[in-house]
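With the sequences and hints as input, model every part of the structure.
Protein chains: 2
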Amino acid sequence: MKLATVRDGSRDGALVVVSADGRRFTRAAAVAATLQAALDDWLAVEPRLRALTHALESGRAPAEAVVYQGGSGVLLGPCDDIPLADETWGLDFESEVCVVLGDVAQGTSAAAAGATVRLILLCNDITLRNLVPAELAKGFGFFQGKPATAFSPFAVTPDELGAAWHDGRVHRRVRTTYNGTLVGDVEAGPEMHFSFFDLVAHIARTRAFAAGTILGGGTVSNADPARGISCLAERRAIETIAGGAPRTSFMKPGDTVSIDMLDDDGHSVCGRIAQKVIKHR
Amino acid sequence: MKLATVRDGSRDGALVVVSADGRRFTRAAAVAATLQAALDDWLAVEPRLRALTHALESGRAPAEAVVYQGGSGVLLGPCDDIPLADETWGLDFESEVCVVLGDVAQGTSAAAAGATVRLILLCNDITLRNLVPAELAKGFGFFQGKPATAFSPFAVTPDELGAAWHDGRVHRRVRTTYNGTLVGDVEAGPEMHFSFFDLVAHIARTRAFAAGTILGGGTVSNADPARGISCLAERRAIETIAGGAPRTSFMKPGDTVSIDMLDDDGHSVCGRIAQKVIKHR
Numbered sequence: 001m002k003l004a005t006v007r008d009g010s011r012d013g014a015l016v017v018v019s020a021d022g023r024r025f026t027r028a029a030a031v032a033a034t035l036q037a038a039l040d041d042w043l044a045v046e047p048r049l050r051a052l053t054h055a056l057e058s059g060r061a062p063a064e065a066v067v068y069q070g071g072s073g074v075l076l077g078p079c080d081d082i083p084l085a086d087e088t089w090g091l092d093f094e095s096e097v098c099v100v101l102g103d104v105a106q107g108t109s110a111a112a113a114g115a116t117v118r119l120i121l122l123c124n125d126i127t128l129r130n131l132v133p134a135e136l137a138k139g140f141g142f143f144q145g146k147p148a149t150a151f152s153p154f155a156v157t158p159d160e161l162g163a164a165w166h167d168g169r170v171h172r173r174v175r176t177t178y179n180g181t182l183v184g185d186v187e188a189g190p191e192m193h194f195s196f197f198d199l200v201a202h203i204a205r206t207r208a209f210a211a212g213t214i215l216g217g218g219t220v221s222n223a224d225p226a227r228g229i230s231c232l233a234e235r236r237a238i239e240t241i242a243g244g245a246p247r248t249s250f251m252k253p254g255d256t257v258s259i260d261m262l263d264d265d266g267h268s269v270c271g272r273i274a275q276k277v278i279k280h281r
Numbered sequence: 001m002k003l004a005t006v007r008d009g010s011r012d013g014a015l016v017v018v019s020a021d022g023r024r025f026t027r028a029a030a031v032a033a034t035l036q037a038a039l040d041d042w043l044a045v046e047p048r049l050r051a052l053t054h055a056l057e058s059g060r061a062p063a064e065a066v067v068y069q070g071g072s073g074v075l076l077g078p079c080d081d082i083p084l085a086d087e088t089w090g091l092d093f094e095s096e097v098c099v100v101l102g103d104v105a106q107g108t109s110a111a112a113a114g115a116t117v118r119l120i121l122l123c124n125d126i127t128l129r130n131l132v133p134a135e136l137a138k139g140f141g142f143f144q145g146k147p148a149t150a151f152s153p154f155a156v157t158p159d160e161l162g163a164a165w166h167d168g169r170v171h172r173r174v175r176t177t178y179n180g181t182l183v184g185d186v187e188a189g190p191e192m193h194f195s196f197f198d199l200v201a202h203i204a205r206t207r208a209f210a211a212g213t214i215l216g217g218g219t220v221s222n223a224d225p226a227r228g229i230s231c232l233a234e235r236r237a238i239e240t241i242a243g244g245a246p247r248t249s250f251m252k253p254g255d256t257v258s259i260d261m262l263d264d265d266g267h268s269v270c271g272r273i274a275q276k277v278i279k280h281r
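Line by line, the protein sequences are chains P and B. The numbering of the first sequence is our numbering, which starts it at 1 and goes up by one. The numbering of the second sequence is our numbering, which starts it at 1 and goes up by one.
A couple of the hints might just be wrong.
Pairs involving identical chains hold if they fit within one copy or between any two copies, as the list cannot separate such chains.
In silico SDA-like links for lysine to any residue, alpha-carbon gap of 20 Å or less [claimed, not checked]:
1) Lys146 - Leu215
2) Lys146 - Ile214
3) Lys138 - Ser10
4) Lys276 - Gln106
5) Lys252 - Gln144
6) Lys279 - Cys79
7) Lys276 - Ala208
8) Lys276 - Asp81
9) Lys279 - Asp81
10) Lys276 - Asp86
11) Lys146 - Glu135
12) Lys279 - Gln144
13) Lys279 - Val117
14) Lys279 - Arg205
15) Lys279 - Ala105
16) Lys146 - Leu136
17) Lys138 - Leu199
18) Lys279 - Gln106
19) Lys279 - Thr26
20) Lys279 - Val74
21) Lys279 - Asp41
22) Lys146 - Ala211
23) Lys146 - Val74
24) Lys276 - Arg129
25) Lys146 - Thr181
26) Lys146 - Gly107
Just so you know, these hints were derived from the structure itself, not from any lab. Keep in mind the model is a prediction, meaning the values are calculated, not measured.
So this is what it looks like as structure tokens:
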């Protein structure tokens, strides 16, 4: 089942279910007004959303055309521009797989974590590289270095991935295109050191999490250089090892990045993130 | 104006307005169902909440009795037990002043930040001290070391503090009682190095924030030791300087902490946080 949110002027946007081919959707307001409302009461809502999906696929529900992902707090839609106020901040993309969790009790083990994963999607975990070193040096972690994140158009239930979802990993390639050139076609599964189940157990060690928590798996990366890169920092590191200094610059206004994940038939699983950098103000 | 949330079985709880003496409240469902909904549309909602407060004070609105603070995500109410799974984690309280923000645009200056502060409240920013050093050493900041935070029963509009709210600081004493003994009666205003306005400008440098963001001002602390402490780590540091090693242990099941802030007449501004540590599971 594919879910998405359509902008309707409200904070969270309107929940819709999407056809398997990603080309049609129908509003789910009669079942749950927002994605957060659906996650808050998932066990009751999920079967009704699945029924609505079946109605959409069989032509019994009205289909609509273009979809965008919204979210609570300040997040970016899949085709939103990336506003950059200062080029010296070192803007970078990061292609990542994320999961959306249901309620997670304190002390949930990795073995029990599978039941907490409700949805899978992609994100562009945008980073301001040149602000990061000073933040890490203080020990208190990222803050200014991590502006608003962009998400894929669709979030899918784990069954949509079939056998590609196992052991808490998504065994699909994440493809990243930078300024029109494919720069990464990277396996997200086998080299993911900590699975999403491990990560759930880690975050829940000392506290519970509420339905709607988005958990990112980190930038997708493979040891094989032929698979390419999922962020410019990785390319700059490779260049530094090879030649002593990075040759690739960080992103500038006008640059574009797109992120996608295809199934065995070449169909997009979560839809494509496609963004352009613009000057902020 | 004092606001609070009453547990009603829903995720966010029901929004209520509270009388000036903190003893009565009335439901605000006809104006806004939840505190988040009020913050999402504050300019339209605030005058109606104020009218409801006037009706409550004048006896024209029905009053009810006991209030609790809820919130989105997993937060603790003011009288919730603090669940502790492992005493070696080093449980500590931290008495803090917080503000709740409206929408904050990217690049908001400290001079413009005053207009973004909607509400003021207290929190117990619970910390697991012995998990913090390893987390800080990794550079990525607190995670397991910061379990769910508890908040005061009421959140008040800045005008409730009168002249005590100026320059983005709350010029009131925060009183902390540990196991029945007053351990801190600390000025929150004059020694707050960065004002809330400075902090808003800092967090908004590279991104926007959504209405409902809670911004904590850090543990309240004074240079004068006679004012006491707002967390056990501070006392342990004083003991270490004086005698080479800390004598005070961190919190154990059965320990209690309460946090309050009084006005010039000795009335509680945001109500009292009063919690007990219990063994988790």
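Evaluation of the provided hints:
| no. | hint | in the structure |
| --- | --- | --- |
| 1 | Lys146 - Leu215 | both (15 Å within a copy, 17 Å between copies) |
| 2 | Lys146 - Ile214 | both (15 Å within a copy, 18 Å between copies) |
| 3 | Lys138 - Ser10 | neither (38 Å within a copy, 39 Å between copies) |
| 4 | Lys276 - Gln106 | between (40 Å within a copy, 18 Å between copies) |
| 5 | Lys252 - Gln144 | within (18 Å within a copy, 36 Å between copies) |
| 6 | Lys279 - Cys79 | within (16 Å within a copy, 48 Å between copies) |
| 7 | Lys276 - Ala208 | between (37 Å within a copy, 18 Å between copies) |
| 8 | Lys276 - Asp81 | within (5 Å within a copy, 48 Å between copies) |
| 9 | Lys279 - Asp81 | within (9 Å within a copy, 48 Å between copies) |
| 10 | Lys276 - Asp86 | within (15 Å within a copy, 48 Å between copies) |
| 11 | Lys146 - Glu135 | both (11 Å within a copy, 19 Å between copies) |
| 12 | Lys279 - Gln144 | within (17 Å within a copy, 37 Å between copies) |
| 13 | Lys279 - Val117 | neither (37 Å within a copy, 28 Å between copies) |
| 14 | Lys279 - Arg205 | between (41 Å within a copy, 15 Å between copies) |
| 15 | Lys279 - Ala105 | between (42 Å within a copy, 15 Å between copies) |
| 16 | Lys146 - Leu136 | both (12 Å within a copy, 18 Å between copies) |
| 17 | Lys138 - Leu199 | between (24 Å within a copy, 16 Å between copies) |
| 18 | Lys279 - Gln106 | between (43 Å within a copy, 13 Å between copies) |
| 19 | Lys279 - Thr26 | neither (35 Å within a copy, 48 Å between copies) |
| 20 | Lys279 - Val74 | within (18 Å within a copy, 37 Å between copies) |
| 21 | Lys279 - Asp41 | neither (40 Å within a copy, 29 Å between copies) |
| 22 | Lys146 - Ala211 | between (23 Å within a copy, 19 Å between copies) |
| 23 | Lys146 - Val74 | within (12 Å within a copy, 23 Å between copies) |
| 24 | Lys276 - Arg129 | within (18 Å within a copy, 43 Å between copies) |
| 25 | Lys146 - Thr181 | neither (25 Å within a copy, 42 Å between copies) |
| 26 | Lys146 - Gly107 | between (28 Å within a copy, 14 Å between copies) |
Checked against the numbered hints above, the structure violates hints 3, 13, 19, 21 and 25; every other hint is satisfied.
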